[in-house]
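Enquirer: Sequences and hints are given; from them, build the entire structure.
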Amino acid sequence: MLKPLGNRVLLEVKKEEQKTASGLVLPESAKEKPQTAKVVAVGEGKLLDNGNYAKIAVSVGDEVVFEKYSGAEIKFQGIEYLVVKDTDIIAVVE
Numbered sequence: 001m002l003k004p005l006g007n008r009v010l011l012e013v014k015k016e017e018q019k020t021a022s023g024l025v026l027p028e029s030a031k032e033k034p035q036t037a038k039v040v041a042v043g044e045g046k047l048l049d050n051g052n053y054a055k056i057a058v059s060v061g062d063e064v065v066f067e068k069y070s071g072a073e074i075k076f077q078g079i080e081y082l083v084v085k086d087t088d089i090i091a092v093v094e
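My numbering applies: residue 1 is where the sequence shown begins, and numbers increase by one.
If you're looking for bench data, these hints aren't it; they were derived computationally from the structure. Just so you know, not all the hints are guaranteed correct.
Quick list of in silico lysine-lysine cross-link-like pairs, DSSO-like style, CA-CA up to 27 Å [stated by the list, open to error]:
no. : residue 1 : residue 2
1   : K68       : K15
2   : K14       : K75
3   : K38       : K68
Expert: The following block contains the structure:
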């Protein structure tokens, strides 16, 4: 498994629907980049000047909304993930 470092969070991005409501298949270029994901792993937090770590506000299993064009996309063992900084997460879905 991947373990993010510092203040980074590993997300599994939700797949968007491939068809419109009327049944039209959307090409990859016409799809909006998804902005919701499930938190898979979190780093230890940002290292502060006093040597402690700032706690990350999300936990494994949370469903979150993140900034549209943030993070680094990676593929690991056939699964696509997104690694973002904790500050790129803008909301937790409850």
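Enquirer: Would the hint linking K14 and K75 be met if the CA-CA limit is 27 Å?
Expert: With Cα atoms ~14 Å apart, K14 and K75 stay inside 27 Å; holds.
Enquirer: So if I understand the rule, the pair passes when the alpha-carbon distance is 27 Å or less; does K38 with K68 pass?
Expert: Since the Cα atoms of K38 and K68 sit roughly 15 Å apart, the hinted pair holds (cutoff 27 Å).
Enquirer: For a C-alpha distance cap of 27 Å, please report whether K68 and K15 respect it.
Expert: Holds, because 14 Å separates the two Cα atoms, which is no more than 27 Å.
Comparing the model with each numbered hint stated earlier shows that all of them hold.
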